[in-house]
Amino acid sequence: MAALLRDPTVLVAFWALVKIVGILLVMLGIVAYLTYFERKVAGHIQARTGPNRVGPWGLFQPFADILKLFFKEEFIPDGANKVIFHVAPVLAVAPALTSFAVVPIGPDFFVTDVNVGLLVFLAMSSLGVYALTLAGWSSNNKYALLGGLRSAAQMVSYELALGLSTIGVILLAGSLSLTEIVEAQRGSFQYGPLALPRWFVFTQPVAFVVFLISAFAETNRAPFDLPEGESELVGGFHTEYSSMKWAMFFLGEYMNVLTISAITVTLFLGGWNGPWLPDSLKFLWFLGKVLLLVFLFMWVRWTFPRLRYDQLMSFGWKVLLPIALLNVLATGGVVYWVGSR
Amino acid sequence: MIPVLFVAFAAILVVSSLLVILHRSPLTSALFLVLAFCSLAAIYLLLHAEFIGLVQVVVYAGAIMVLFLFVIMYLNLGRDVESGVTLLLRRGLGWLLAAVLVAEGVVLVSRGLAPGPATPPELGAAAAGNTQQVGLLLYSRYLFPFEVTSIVLLVAMIGVVVIARGRREAAPAGGAAPAAVRSGAAEPPGEDA
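As given, the protein sequences belong to chains A and B, one line each in that order. Going by our numbering, the first sequence opens with residue 1, and the numbers climb by one from there. Going by our numbering, the second sequence opens with residue 1001, and the numbers climb by one from there.
Hint data in this document are derived by calculation from the structure and do not stem from the laboratory. In this text, a Cβ means the ideal position worked out from N, Cα and C, and glycines have one as well. Some clues are possibly wrong.
Said to hold, decoys possible - Just a few of them, taken from the derived set where beta-carbon distance is under 8 Å, the chain A residues facing chain B:
1) Gly106
2) Ala123
3) Leu145
Stated by the list, open to error - Footprint (simulated), chain B over chain A, 3 or more residues, beta carbon under 8 Å:
4) 88-100
5) 287-294
Bound conformation, chain A alone (with noise of 0.2 Å):
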């Protein structure tokens, strides 16, 4: 025991582990507030106010919500598959938990810098494809199994779409850890007065576009909710969830929303450069980006109709990855012409 505790990689897990809970903590905190914060964009995009009866603007309202889920009854369907009943909604948080590990929220200022840190976010965002997928199997509910299936081809679809364009931002980065890609991003293009910042989203515009309407499609938000499509599956594949099993599916999707923002901000919109504040400050341009992104994200959520099925898998497919796969092509072309000159 005690040459375990002398083993200096205990040491760093200790740390580790630490730097995890606080994250942890902080990211919960603020899930639990985009509850309420995409009330109040609803809300006022529908010319209502929102929830404002609990706390002052209603601000301890996401407390109410979570005492109301507490308390209510636990409902398990007949013959469905107990025990992925229960494993489902974990592994519709733990990806998303689990990928924010690699995000540089600030210089120095990371759970871990792996040296392949953009291919963990990729292995985790597909792992959360098994989430809805076994939610809706297991509760023997042809609705829930249809939303189940359709989230599954989804995902699938989207997901390469999602990992090709994130293809040109490695070659011009040269490398696949996050920090170092937000390192690149670092400076500004000065065109006499104009300076433009040197973020991924100037130089590609493409992969930029591709990758936010992918991520729309792998957090299953309108317009690509066709898993819980409402009006015709009835609740999709949390249909036969209730209490806090269905909060931890709510809680995955605000928590997806959380992290693929964060990823986008890191890979297009410069991480946390930003100009005047000190480097121990940057953190917040880093959360204020990310806060821009989530709320593009209701934004669009209120704004747009759903697509039909079969719409979606032909733009996916037959839009999408061209366009990916083109930029990929595009882009190499352009690295080898400026590396050979």
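Given the structure of chain A, go ahead and fit chain B onto it with the hints provided.
Only chain B this time, still in chain A's reference frame:
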């Protein structure tokens, strides 16, 4: 710390691999295979083969197994599939293959071939540029097998397209009104490029 982690993940790998073949429900078997892939990826990470480890998760656990699950759910496979081969023959083949595998293992161990270093020395030296090193090796020393693999995959892809298209060709050419599409072939209308 590292040996402890290795033993833990190896144990998960062995147990879940056994459950893949011992469990009677195809869906549960498939899920244990996912678990096996993930613990194998963890072992790759412990060997400093980060790129391979994560690609293992992305490709096998994240894409291929999802398609397996999709098919199992779609066909609603409850129990073992009847493949038409008698149980006795299947068991016999299984034992035979297992015997061959064990014999190979025995021969390798008896020749003193302990498992070598996990990664080629070139990779181990530059752990930081792991991905870069894998890429360099793939496009230099292993270029020929790499290209052959991609041709095999391309052939498979073309084959899939031909099989999927085949049904449509069976309809009268000219495509004015396919009078009788074969039963069960519910195709989306339109999009005859």
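Consistency of the hints with the structure:
The beta carbon of A:Gly106 is not positioned within 8 Å of any beta carbon in chain B (closest approach about 23 Å), and the interface hint is therefore violated. Hint status for A:Ala123: holds, given a least beta-carbon distance of 4 Å to chain B, under 8 Å. A least Cβ separation of about 7 Å between A:Leu145 and chain B falls short of the 8 Å threshold, and the interface hint therefore holds. Taking a C-beta to C-beta cut-off of 8 Å, the region 88-100 of chain A contributes 0 residues in contact with chain B, too few for the three needed, and the coverage statement is violated.
With 0 residues bearing a CB less than 8 Å from a CB of chain B, the region 287-294 of chain A misses the requirement of three and the coverage assertion fails.
Hints 1, 4 and 5, counting from the list given before, are not met by this structure.
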